[in-house]
Amino acid sequence: MKRIAALLLLFATLAGCGAQNESETRTVFAMDTVMTLTAYGAPSATGSALDAAEAELSRLDRLLSVTDSGSEISAVNRSGSAAVSEETGALIASALEASRLTAGAYDPTLGRISEAWGFHADTQHVPDPGLLADLLSACGYERVALDGASVEIGDGMALDLGGIAKGYAAERVLSVMGDAGVDSAVISLGGNVGTLGQKPGGPWRVAIEDPDRGDEYAGILALPGGMYAITSGAYERFFEEDGRIYHHILDPKTGFPAESDLQSVTIVSSDGTLADALSTALFVMGFDAAVEFWSNHSDLFQMVLITADGMYVTPELEIESGRDVTVLEAAP
Amino acid sequence: MPSRDKAKRLTTLALLAAAAFVLSWVDSLIPVSGTLPGAKLGLANLSVLIGLYLLGPLPGAALCGLKILLQTFLFGNAYAFFYSLAGGILSYLVMLLTRKRCSVMFVSALGGVFHNLGQVLVAAVILQTAGLMAYFPVLMLCGIGAGLAVGLAGGILISRLRSILPFIS
Amino acid sequence: MRPRRWEAVILGVVILALLIWALWPGDPGAAVSVSVNGQVTEVYPLDQPTIVSIDGYGGFLLTLVVSDGSAHVEYASCPDLICQHHRPISSAGEQIVCLPARIVLTVTGKEAGVDAVTR
Numbered sequence: 001m002k003r004i005a006a007l008l009l010l011f012a013t014l015a016g017c018g019a020q021n022e023s024e025t026r027t028v029f030a031m032d033t034v035m036t037l038t039a040y041g042a043p044s045a046t047g048s049a050l051d052a053a054e055a056e057l058s059r060l061d062r063l064l065s066v067t068d069s070g071s072e073i074s075a076v077n078r079s080g081s082a083a084v085s086e087e088t089g090a091l092i093a094s095a096l097e098a099s100r101l102t103a104g105a106y107d108p109t110l111g112r113i114s115e116a117w118g119f120h121a122d123t124q125h126v127p128d129p130g131l132l133a134d135l136l137s138a139c140g141y142e143r144v145a146l147d148g149a150s151v152e153i154g155d156g157m158a159l160d161l162g163g164i165a166k167g168y169a170a171e172r173v174l175s176v177m178g179d180a181g182v183d184s185a186v187i188s189l190g191g192n193v194g195t196l197g198q199k200p201g202g203p204w205r206v207a208i209e210d211p212d213r214g215d216e217y218a219g220i221l222a223l224p225g226g227m228y229a230i231t232s233g234a235y236e237r238f239f240e241e242d243g244r245i246y247h248h249i250l251d252p253k254t255g256f257p258a259e260s261d262l263q264s265v266t267i268v269s270s271d272g273t274l275a276d277a278l279s280t281a282l283f284v285m286g287f288d289a290a291v292e293f294w295s296n297h298s299d300l301f302q303m304v305l306i307t308a309d310g311m312y313v314t315p316e317l318e319i320e321s322g323r324d325v326t327v328l329e330a331a332p
Numbered sequence: 333m334p335s336r337d338k339a340k341r342l343t344t345l346a347l348l349a350a351a352a353f354v355l356s357w358v359d360s361l362i363p364v365s366g367t368l369p370g371a372k373l374g375l376a377n378l379s380v381l382i383g384l385y386l387l388g389p390l391p392g393a394a395l396c397g398l399k400i401l402l403q404t405f406l407f408g409n410a411y412a413f414f415y416s417l418a419g420g421i422l423s424y425l426v427m428l429l430t431r432k433r434c435s436v437m438f439v440s441a442l443g444g445v446f447h448n449l450g451q452v453l454v455a456a457v458i459l460q461t462a463g464l465m466a467y468f469p470v471l472m473l474c475g476i477g478a479g480l481a482v483g484l485a486g487g488i489l490i491s492r493l494r495s496i497l498p499f500i501s
Numbered sequence: 502m503r504p505r506r507w508e509a510v511i512l513g514v515v516i517l518a519l520l521i522w523a524l525w526p527g528d529p530g531a532a533v534s535v536s537v538n539g540q541v542t543e544v545y546p547l548d549q550p551t552i553v554s555i556d557g558y559g560g561f562l563l564t565l566v567v568s569d570g571s572a573h574v575e576y577a578s579c580p581d582l583i584c585q586h587h588r589p590i591s592s593a594g595e596q597i598v599c600l601p602a603r604i605v606l607t608v609t610g611k612e613a614g615v616d617a618v619t620r
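Chains as they are written, first to last, in this note's numbering: chain A, 1 to 332; chain B, 333 to 501; chain C, 502 to 620.
Hint data in this document are derived by calculation from the structure and do not stem from the laboratory.
Careful: at least some of the hints might be erroneous.
[To be verified] Computed footprint of chain C on chain B; a stretch qualifies when at least three of its residues, placed anywhere within it, have a C-beta under 8 Å from a C-beta of chain C: (1) 433 to 440; (2) 447 to 459; (3) 466 to 476.
Yeah, the Cβ is synthetic: ideal placement off N, Cα and C, and Gly gets one too.
Same shape as in the complex, but just chain A (with noise of 0.2 Å):
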C-alpha cells in the first residue's frame, strides 16, 4: 500500500514538472558570440518567441556593429557627423550617461584605438605607443554632441558602442519575448545574462564564471525575474606578445588595457545597457574606486567583484559559493 502511494505521488510530481517546466532552448551565433535563449510556457508561444527573438538579434547585429559599412555607427565614424534613427540615438545618450556617471571610465568613443589593438579584426598586437597617444587624444566622450537624431563626434574619434550592446541587446530580446507571449524566460549572450519573469519553481540562478578557472563557478546568483548580471574580466579576451599579456578592456585614461586589481566585476541591474557599462567602468577603476562608486549609487545596481585575494558581494544579493564571500558596506 505505501508502496503504491509512493508510486502515486512520483507520478503526480513528475506530471506536475512536465506541465510546469515546458521550456525551450536555442542556440543563437550573433554579434560574434554564442547565445543561448531559453524561453518557458506553452510550446506554440515559446516556438514564436525564439524565433522573434532571433530576429531582433539579427537586426541589433547590423544596427550596432562597429565592423558592418553599412551600419548607423560606421556612418557617423565615417563622415564624422550624420542622422541616427531615435533608437540609435537613444542608445548613445545612454553610452553619455553612463560615462558622465562614470567620470569617463566608461567610454564609447575609444573605436579607433580598439581598431589599433585589433580587437575587433581578431588581429591583435600592441600598436605603436607614439600612434596610441595621437589617437587618445582624439578621443573623449564630452566631444560628442547629440542633439536627438543627430549625431557629431570629435575629429579623429570612432564611436564603438560594443560596450553596451550586448546589455541592450539582451534588454530588447527580452522585451521581443515578452510581447511574444512568454511569461518567462532566460538569456545569455555570450555570458551577458538576462531574466524575465519568474522562473517556474524558483528564483533564477545565474552562475558567475571562475576567472581563475574557466569550467568552475565561483558562485551562483538567485535572482528574480527583470535582472541583468553581467562580467567583465580580463580572462575573457587576451592575447599574449613578448611574453606579455594584453587584455581587451581598454582604460580610456591610457588607451592601454586597464591595470586593475580586479579580476572580475559582475553587474546586477534592472538596466541591462547600464550593467553592461558599468561592469566594463567598475573593472577599469580597480577595487577601491568601484566600492566607492558602489557606495554612491547603491540604488542603481549590485556587484560582485573578484580579486586575487577573494569575492566581494554587496549586501542586497543573494549568493551561494563554496569561496569566503566578504559582504562589501556601504560607506555613510
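Using the hints provided, position chains B and C relative to the given structure of chain A.
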C-alpha cells in the same frame, strides 16, 4: 657469491635488456587508441617483472629505467617522457613493495594500474586540469588487463627460468 | 603463481566497479568546451555544426568538428595523433585530450541547477 655466478647473473640481465628492447618495439607497433599518450600495452614490463623476481630490486630498477628510455626515445616521442617516467617509477615501486606478499599476476596487475595512474597524474599537472576523469576507468581497466596478461606470462617464465638457471636462488 | 583467492576477489570487485563506471550511460551533452593550457577558451554548442581550428601549446593546432550532436578532432598537427583517432564524443563528461598541444575537449551537460552562466 662465486664470480662465475656473478657473470651468469650479468648475462641474464643483458638478455632481459635485449628482450626489453624487442618487447618495446613490439609494444610500439600495437596502437592503444583512445587513450593517453604513453599508455601502451606494457609488454616490456615482462622483462622488468622477471628481472625483479629473479635478480632482485637493483637489476629490476635498471631494466625499468631502460624501459622508460626505450619507450621515450626509440619508440615514442619526447612528449611521452614524463608520462613514461612517472608511470614507470610508480609502477616499479608498487611491484617492489608487494612482490613478496602477492602472486606474480597480482603484482603485475598492480604494476599496470599504477603505471597508468602515474601517467594520469602527470597529465593532470601538465594540462592543469583536475578533470581527466573520463579517461580514468578505461585506463585502469587497460592497466589491469595488460598487467594480468604480462603477469601470467611472467609467472610461467619465472618458475621455468628458476628451474633451469641453478645460480638463481 | 596464480592469483590467490583474496587477490581474485579484489580484482573482480575493482574490475566490475570500473566497468560500471566506464559503461555508465552519460547524460546527453549540451556543448563542448575547449581548454588550452588549463584555460577554457571557447564553448561550442553540440546542436550547431561547427568547424574550427584551435591553436594549442607549442604551435600545434587541431581542427575541431561538431556535427550531429557530437564532437571529434578532424585533423591534428601534433606528433602522436591520438586525439585525431579518438572516437567522437557526445555524452556529458566525455573528453578528448591532446597532450602535446595541451588541449582538452570536454562535453558539458546541461548545468544541473543553473539557468545561465555570466562571464
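Going through the hints against the structure:
no., hint, verdict
1, 433 to 440, "holds (count 5)"
2, 447 to 459, "holds (count 3)"
3, 466 to 476, "holds (count 8)"
In summary, this structure violates none of the numbered hints.
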